[in-house]
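Protein chains: 4
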Amino acid sequence: MLPAEVRVDDLMTAAADLFIAKGIEATTVNDIVELAGVGKGTFYHYFATKEDVILALRERFSRDFTKKVADALAQCPGDDHRARFATWLRGTVEAYIANYELHDVVFHEFRHSNRNSKEKEIVIAQLSALLGEGAKADAWSLPDVRAAAIAIYDGMHGVVDDAIATGNGDAGAICDRLSLLFGRILVA
Amino acid sequence: MLPAEVRVDDLMTAAADLFIAKGIEATTVNDIVELAGVGKGTFYHYFATKEDVILALRERFSRDFTKKVADALAQCPGDDHRARFATWLRGTVEAYIANYELHDVVFHEFRHSNRNSKEKEIVIAQLSALLGEGAKADAWSLPDVRAAAIAIYDGMHGVVDDAIATGNGDAGAICDRLSLLFGRILVA
Amino acid sequence: MLPAEVRVDDLMTAAADLFIAKGIEATTVNDIVELAGVGKGTFYHYFATKEDVILALRERFSRDFTKKVADALAQCPGDDHRARFATWLRGTVEAYIANYELHDVVFHEFRHSNRNSKEKEIVIAQLSALLGEGAKADAWSLPDVRAAAIAIYDGMHGVVDDAIATGNGDAGAICDRLSLLFGRILVA
Amino acid sequence: MLPAEVRVDDLMTAAADLFIAKGIEATTVNDIVELAGVGKGTFYHYFATKEDVILALRERFSRDFTKKVADALAQCPGDDHRARFATWLRGTVEAYIANYELHDVVFHEFRHSNRNSKEKEIVIAQLSALLGEGAKADAWSLPDVRAAAIAIYDGMHGVVDDAIATGNGDAGAICDRLSLLFGRILVA
DNA sequence: GATGAATGAGGCTTCATTCAT
DNA sequence: CATGAATGAAGCCTCATTCAT
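Chains as they are written, first to last, in full-length UniProt numbering: chain D, 1 to 188; chain W, 1 to 188; chain C, 1 to 188; chain S, 1 to 188.
Hint data in this document are derived by calculation from the structure and do not stem from the laboratory. Among the hints, a few may not be true.
Identical copies go unnamed one by one, so any copy, or any two together, can satisfy a pair.
[Claimed, not checked] Here are the simulated DSBU-like pairs of lysine-lysine, each with C-alpha atoms no more than 30 Å apart in a straight line:
#  : residue 1 : residue 2
1  : 40        : 22
2  : 120       : 22
3  : 67        : 118
4  : 22        : 118
5  : 67        : 22
6  : 67        : 136
7  : 40        : 50
8  : 50        : 22
9  : 120       : 67
10 : 68        : 136
11 : 67        : 50
Could you build all of it, start to finish, from the sequences and the hints given here?
Now the structure itself:
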């Protein structure tokens, strides 16, 4: 009888590992509890359904992701907007590379008819704010901040995915390439 | 006893409608044959497995998509690279808006652990070629054509998704916004 | 691949036997298909849920029951109302004795919040008609035909149950006792 | 930490309410403790199993029921047998109407293969005694006291059920109708 | 006394696929 | 060609009960 948090965490981690390894559908609740080393009832003590773990994983992922980037940004002088963008890009790429497998599985493989998830919205809001501040301070001009944020975010995803797929998974190189690309968008 | 093609088409269309409405997993072969108005055995006459329909749907979607854009490009003078890009963008956005629901379901919901599908590769190749030609003709310069193609393509997807989600699904307005954005990337 | 009716019947009979022997709750769908000698899927080919068999059993029971009594009554001169009541009583008691186990299980053990089932209503209507005709022909008088029908029907059930429980399960003797009792109700 | 009796009573009442509302099977021990506002362990302090509550509920119901009728009868002169029967009828109908939902659930829905419960036997014995005394005193004659008691008791149940179902749940009117009916049985 | 986390056996149901007609 | 009855493996989930705190 450990504290509830420990169990929940064990179960979520076990689930994440299996989802990554075998996919969501192929992973059974049995697999999860076996790997977590608890009884099946325990799973349902903490999660109402199998879907629930996925949702919890999503939230945990987003929370971690957003926090990591926010922490990095906090280290950055508030008025050097280009540096802030570079920091955002670096943090985002690194966080994504570190966990893209879980990201894939949890955000793409499982979509219960929610095209634009709350989670993505948070990330977009974070980037939009950064871009908006830069625009306000005339570090760059942007006719449509939100569209730019989305294009940059999804563009980043695509390029990183491609880098991973083609084996060029080095965060530094990817960031350089993306900086060049997105630098063109962030002009006066 | 209609010609086989008609049957196949009926089944694919029924499947597509159901996949969009209920998702792939929730759609059973029973649902499909019922909507198509044929017996269950007929399904297995034309498709080896349920997966097969999805694959067929993917191919049909890609074929249509690529063809539509290629046709539009064919109308365009080969040396006006900016116009060609505008044409590509317009065609792509329109085709995507017209069928994004099927696109979602068939390309995202079903991923047999294939991060970069053959189909996406074709589209990227098409755009890369266009961008490469423009670069070669000095219409613009591009340090990394493939990265630019991917970023533009995925960026476009994200912005269109957002436009649809927020109810601004007008192709013209979206293209204008995207032209402004991507125009910045395509500079000398 | 036998005709559908055969399978349905096999399954219903197997279910009935098991319900009687072990009770509804204790009987699993597995038990049923095993006894019926079919695959588990076959069960769900014909019945949507386990409850469905119970409902089907109810209807079959009622249909048989009503028909048996109606047939017996058809043999009876339409104007000898006392004889008709005796016939009804005899038929009802016999049919009930022959199948009270199934009756118990199917009508009492399983009640999905339906106090007065459609099935009972049919039987009551049948008896009410008989009593009403007798009253109209002055074979007896009855201030409240429906109440009398219900009291007689449920009273019969109770007495037969008691006879069965105490081992006096002889239909003839039971009918004699009941005739005496109910004869008092059916007076001018 | 209330006195044990209070706890037991809270649990029984919670259970009764839920059994009535959702049925016995559908009611979980969790539901019960939640409604009672106690921990799950507490339930098992006072009841060995879930069945135990049902049994306890049965006994409480029967005790209350029998007592109520016995009290009413005690007010009645011992030699006015018709009045005594009328009192019995009135008390029984009223008690039943007041609690028929619990009665249903506790006596019908849960039957551990006990067709004739000990509890019913008590009630029948009570009525049999009353009828027997009347017969001995020549207030009426009865060839089979037990059969009459059962028929009257079950007949009463049926008629009251019907009255409730058809919305004529007035105890007075029901008793009038039943008096007329059963009065015919209780003749010299 | 009171709690509620932990359990695990076992039930119901789904559904892709086959194949005799 | 077309059908749909038959299958059975496999999954999700329930819930009464226990027991360490």
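Going through the hints against the structure:
no., hint, in the structure
1, 40 x 22, "both (19 Å within a copy, 27 Å between copies)"
2, 120 x 22, "both (24 Å within a copy, 23 Å between copies)"
3, 67 x 118, "within (16 Å within a copy, 35 Å between copies)"
4, 22 x 118, "both (25 Å within a copy, 21 Å between copies)"
5, 67 x 22, "within (28 Å within a copy, 35 Å between copies)"
6, 67 x 136, "within (24 Å within a copy, 43 Å between copies)"
7, 40 x 50, "both (12 Å within a copy, 22 Å between copies)"
8, 50 x 22, "both (15 Å within a copy, 19 Å between copies)"
9, 120 x 67, "within (14 Å within a copy, 32 Å between copies)"
10, 68 x 136, "within (25 Å within a copy, 41 Å between copies)"
11, 67 x 50, "within (26 Å within a copy, 41 Å between copies)"
Of the numbered hints stated above, none is contradicted by the structure.
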